[in-house]
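Here is how the chains run, residue by residue.
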Amino acid sequence: MRFVAIGSDKPSGVENSKAALTKFVRRLFLAEFNLSVCQIIAHPPSLHGISAESETKMSSPSDQTRRTIILTALATAVHVSAPRSAAAEEDAPGSDLRPQKADVLVFAEGDHAGEVIKPQDLAAGGPAVRAWPKDPKTSVVRKGSRLNEVVVVKLDPAELDDSTRPRSADGIVAYSAICSHAGCPITAWGKAAQGEKDVLKCVCHNSEFDPRQSAQVVFGPAPRRLAALPLAVADGSLTVAGTFVGKAGAQQGG
Amino acid sequence: MTMKQWLLPSLFASTCLFSIAAGASPIERYSPVTADRLKNPEPGNWMLYRRTYDGQGYSPLSQINTSNVKDLVPVWTFSTGVVEGHQSPPVVNNGVMFVTTPQGQIIALNAKTGDEYWRYKRQLPDDLFQLHPTNRGVGLWQDKLYLATTDDHVVALDAKTGKVLWDTKVQDYKKGQYLTLMPLVVDGKVIVGGSGGEFGIRGYVVAFDADTGKELWRTFTIPGPGEPGHETWSGDDWKSGGAPAWMTGNYDVETRTIYWGTGNAAPWPGETHPGDNLYATSVLALDPDSGKIKSYFQYHQNDSWDWDEVDAPMLVDLQRDGRTIKSLIHPGRNAIFWVLERKPEGIKYVAGWPFVYTDVWKGIEPSGKPIVDPAHKPGIGKRVEFCPSLWGGKDWPSAAYSQNTRLVYVPANENFCGGFTGEKLPLVPGQLWLGTKPEDIGLKVRPGATHFGELQAWDPATGKKVWSHNFPKSHLFGSVTVTAGDLVLVGGTNDRMFRAFHAKTGELLWEQKTNSGITGMPVAYEVDGTQYIAVQSGWGVDAQRIQDALATQNNVGIENNVPQGGVVWVFAVKK
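In order, the protein sequences belong to chains A and B.
Letter by letter, the first sequence follows residues 1 to 254 of the numbering used here.
Letter by letter, the second sequence follows residues 255 to 829 of the numbering used here.
The reader is advised that the hints may include incorrect statements.
Computed beta-carbon distance windows for the label pairs [what the hints assert, rightly or not]: (1) B:D575 x A:R224: 51 to 61 Å; (2) A:P127 x B:P314: 36 to 46 Å; (3) B:K691 x A:P119: 23 to 33 Å; (4) A:T243 x B:P628: 47 to 57 Å; (5) B:Q807 x A:P157: 31 to 41 Å; (6) B:T759 x A:E109: 49 to 59 Å; (7) A:R165 x B:G696: 33 to 43 Å; (8) A:P127 x B:I634: 47 to 57 Å; (9) B:D290 x A:G110: 53 to 63 Å; (10) A:P119 x B:K468: 49 to 59 Å; (11) A:P127 x B:Q807: 19 to 29 Å.
The list that follows gives simulated cross-link-like pairs (lysine-lysine, BS3-like), each with its CA atoms no further than 25 Å apart [unchecked claim]: (12) A:K247 x B:K429; (13) A:K197 x B:K691; (14) B:K698 x A:K191; (15) B:K698 x A:K197; (16) B:K719 x B:K580; (17) B:K548 x B:K623; (18) B:K616 x B:K631; (19) B:K597 x B:K293; (20) B:K691 x B:K631; (21) B:K366 x B:K727; (22) B:K719 x B:K691; (23) B:K758 x B:K580; (24) A:K191 x B:K691; (25) B:K548 x A:K191; (26) B:K597 x B:K636; (27) A:K118 x A:K101; (28) B:K616 x B:K719; (29) B:K546 x B:K597.
These are calculated hints, taken from the structure and not from any lab test.
The beta carbon of each residue, even a glycine, is placed where N, CA and C say it ideally should be.
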């Protein structure tokens with residue numbers, strides 16, 4: 001398993017482990033309850049189908065079975081001084097909440113991963129950068145769900161349309177990093193397939209979104225625009241000015 | 255919304271599933287699927303991925319044939335309600351049809367009338383990353399169905415009602431583990447292989463008890479420390495070296511051996527995982543009872559081109575060199591048409607030749623190892639071009655073998671090249687790990703190309719191409735089926751056509767424009783004495799990616815305008 005780099009301003013391992021244990025126990029009860037509900041509808045999920053490999057790799061407990069949750073909880077209780085795991089970090093309170101007003105944004109990758117993004121960190125005209133929202137009060141980075149990730153790009157304010165401009169700050173706009181087509185991440189910034197402008201791109205299935213026009217779909221199979229995240233600048237930092245406008249995540253078929 | 259739906263708690267929504275019966279009735283007469291029926295299916299049924307365990311994609315039906323196919327007309331259609339790549343064969347068991355679609359949907363239909371019995375809709379997690387939003391069909395056993403899902407579960411359902419009987423998590427979708435294939439059912443075992451070659455997984459094939467969902471065995475396609483073949487990897491590369499197993503295997507009933515194809519080594523540039531990299535880009539011979547690897551053949555070593563060889567080889571009794579060869583036939587993604595032999599001591603190389611243009615191979619050693627030209631092998635920090643493209647001479651869409659004509663029909667792509675610049679990047683679980691920038695991947699048409707898609711007919715006994723039909727304005731990206739009526743059935747083109755060719759001559763006998771492009775597998779079946787042809791039309795995934803590349807990276811007069819949305823089409827001869 002992989003340990004995620006964490007900042008020095010995080011709660012201590014002991015405190016966090018206790019919190020995590022409490023939460024796991026709570027989830028355990030929820031899991032029992034939910035299984036009993038499931039039994040009305042269908043047989044419960046098999047506990048035998050998980051490989052040894054997947055048991056040793058911890059992940060977000062929300063999709064684990066009861067058995068793994070128990071194992072994880074025990075491990076957490078015994079190894080209180082162990083370094084925080086990715087699973088524990090993702091389980092920090094608020095980490096799976098969608099971006100909240102007054103959150104700051106931190107770089108999601110690269111040499112500055114985890115550092116707060118300041119307006120001057122972004123080059124005008126792009127490229128777009130991937131970012132996580134972070135609660136400035138608790139220092140929790142909201143990376144508990146990939147649906148919280150955003151892409152941030154600085155543009156010429158004059159290029160922004162009337163619905164995009166009020167959500168921007170110094171020409172900087174942010175959108176959900178999850179493509180509305182099949183849930184792939186928006187990882188590229190480059191020239192549009194049709195036209196000369198640089199746009200946000202999903203490299204899985206080639207959908208393209210114009211960040212100047214509320215991330216409108218300009219190419220590819222995506223059915224709708226990316227959710228927009230309103231921004232503001234406060235004390236020299238980029239902050240979130242409101243919750244997502246639109247749904248973060250892919251369409252569902254069927 | 256059904257009455258039950260409000261009961262669903264969010265935490266376990268993905269494992270707590272049921273079918274949605276849209277005013278339909280359960281199936282009252284259903285024929286249980288037995289080991290004998292799978293080994294010797296009735297001519298009118300299509301109950302395995304390629305109809306028979308040998309993977310030939312051949313139907314013995316001949317009521318629709320070269321003389322009357324001109325009168326083929328649609329008898330019913332059914333809209334699936336979802337977009338993206340509809341790749342599965344409409345499976346038919348004595349008048350009941352099961353169609354699967356992207357998003358983990360199963361639709362049970364009356365194969366004669368098109369009336370719906372029931373529909374199952376998987377509730378996929380909101381945060382699921384679907385690199386390949388597709389599904390290739392349900393496996394059948396007794397009165398149950400088996401669906402492999404993109405959130406990495408195998409689900410068993412009651413074939414008559416669509417009720418979920420068990421739901422087993424295979425691995426963690428958040429780590430880039432997913433499933434798209436039709437499960438292979440052998441003697442009460444439900445066998446699947448994992449996708450994830452672009453996410454740095456370690457591939458595997460796994461068997462579950464058909465009745466309970468209990469895991470029976472799991473064979474990793476990359477050997478661990480102490481296992482034979484582990485020495486073909488260096489350091490910890492084996493832990494994330496790919497070798498996914500995302501297509502259904504074939505099965506030799508006589509020797510009780512499963513032949514299962516494996517995919518690319520990960521990440522793509524071979525320099526990032528030095529060594530031969532067993533058992534990536536191979537075919538594995540597996541014991542169905544234990545999963546033990548009996549033998550293998552590796553189509554190419556140290557894969558650097560994303561050339562998954564997951565399409566399982568066809569089992570054909572081949573008259574060649576004056577004897578009968580128990581052969582394995584595999585037109586490879588690596589552009590080589592392979593003829594191998596199933597021998598008691600293992601899989602042996604017989605012959606190989608390029609079936610489309612390639613600049614990667616300089617020849618094949620007597621042992622069957624292709625000799626690589628280093629100038630066309632991607633590496634770190636340099637842009638390398640190679641032919642064919644990443645999608646290969648033939649990707650996952652199946653070829654077919656006719657027992658009538660003794661020819662192999664290949665949905666090939668000619669005149670495509672590709673390239674990328676390799677780079678070493680850290681693996682982040684659940685994120686793409688290609689070893690290159692995705693936006694750097696190119697598809698280039700060769701200068702002077704007159705066509706792209708090529709439906710080819712090969713004689714595997716002689717290595718001669720008997721005929722080919724070329725598509726000047728489209729790639730060919732759909733599975734091929736052949737019938738005893740000497741019809742070669744295929745869609746796969748961007749003009750939305752479904753076509754029938756004369757198996758002996760290659761003459762185009764019939765075509766029908768459909769709603770979307772066809773990437774699905776055609777089937778032939780019979781109900782109450784009438785033969786039908788069925789196929790799903792629903793463009794998406796890699797057929798769409800290639801279309802995008804033709805439209806935006808190559809000035810060849812092709813637009814990105816193939817509409818999406820799935821429809822099941824069923825045809826019969828007009829009376």
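Hint-by-hint comparison with the structure:
Between D575 (chain B) and R224 (chain A) the Cβ separation comes to about 59 Å, which falls inside the hinted range of 51 to 61 Å. Between P127 (chain A) and P314 (chain B) the beta carbons are some 58 Å apart, a value that contradicts the proposed interval 36 to 46 Å. Evaluation of the 23 to 33 Å hint for K691 (chain B) and P119 (chain A) yields a pass: the beta carbon distance comes to about 27 Å. In this structure the hint that T243 (chain A) and P628 (chain B) lie 47 to 57 Å apart at CB holds, the actual value being about 54 Å.
The hint said 31 to 41 Å for the Cβ distance between Q807 (chain B) and P157 (chain A), and at roughly 33 Å that hint holds. About 56 Å separates the C-beta atoms of T759 (chain B) and E109 (chain A), a value consistent with the hinted range of 49 to 59 Å. Checking the proposed 33 to 43 Å range against R165 (chain A) and G696 (chain B) shows it holds: the Cβ atoms sit about 36 Å from each other. Under the hint 47 to 57 Å, the C-beta atoms of P127 (chain A) and I634 (chain B), about 23 Å apart, miss the expected range.
Hint check: D290 (chain B) to G110 (chain A), Cβ distance near 60 Å, so the stated range 53 to 63 Å holds. In this structure the hint that P119 (chain A) and K468 (chain B) lie 49 to 59 Å apart at CB holds, the actual value being about 56 Å. A hinted range of 19 to 29 Å holds for the C-beta pair P127 (chain A) and Q807 (chain B), which are about 21 Å apart. Proposed proximity of K247 (chain A) and K429 (chain B) is supported: the alpha carbons are some 23 Å apart, at most 25 Å.
For the proposed pair K197 (chain A) and K691 (chain B), the alpha carbon gap of about 20 Å is at most 25 Å, so the pair holds. For a cut-off of 25 Å, the pair hint linking K698 (chain B) to K191 (chain A) stands: about 18 Å separates their Cα positions. Using a Cα cut-off of 25 Å, the hinted pair K698 (chain B) and K197 (chain A) holds, with the two alpha carbons roughly 23 Å apart. Under the criterion of a C-alpha separation no larger than 25 Å, the hint pairing K719 (chain B) with K580 (chain B) is consistent with the structure, at around 21 Å.
With a C-alpha separation of about 20 Å, the suggested pair K548 (chain B) and K623 (chain B) falls inside the 25 Å cut-off, and the hint holds. For the given pair, K616 (chain B) sits about 12 Å from K631 (chain B) by alpha-carbon distance, which is consistent with the 25 Å threshold. A C-alpha spacing of about 21 Å is found between K597 (chain B) and K293 (chain B), which places the hinted pair at or below 25 Å, so the restraint holds. For the hint pairing K691 (chain B) with K631 (chain B), the CA-to-CA distance comes to about 17 Å; that is within 25 Å, so the pair holds.
Restraint check: the Cα-Cα separation between K366 (chain B) and K727 (chain B) comes to about 35 Å, which exceeds 25 Å; the hinted pair is violated. For the hint pairing K719 (chain B) with K691 (chain B), the CA-to-CA distance comes to about 38 Å; that exceeds 25 Å, so the pair is violated. About 24 Å separates the Cα atoms of K758 (chain B) and K580 (chain B), which keeps this hinted pair within 25 Å; it holds. The suggested pairing of K191 (chain A) with K691 (chain B) holds, with an alpha-carbon distance near 15 Å, which does not exceed 25 Å.
Using a Cα cut-off of 25 Å, the hinted pair K548 (chain B) and K191 (chain A) is violated, with the two alpha carbons roughly 50 Å apart. As the CA atoms of K597 (chain B) and K636 (chain B) are separated by approximately 42 Å, the hinted pair breaks the 25 Å bound. For the hint linking K118 (chain A) to K101 (chain A), the alpha-carbon distance of about 17 Å falls within 25 Å, and the restraint holds. Restraint check: the Cα-Cα separation between K616 (chain B) and K719 (chain B) comes to about 21 Å, which is no more than 25 Å; the hinted pair holds.
Of the supplied pair hints, the one linking K546 (chain B) and K597 (chain B) holds, its CA atoms being roughly 17 Å apart against a limit of 25 Å.
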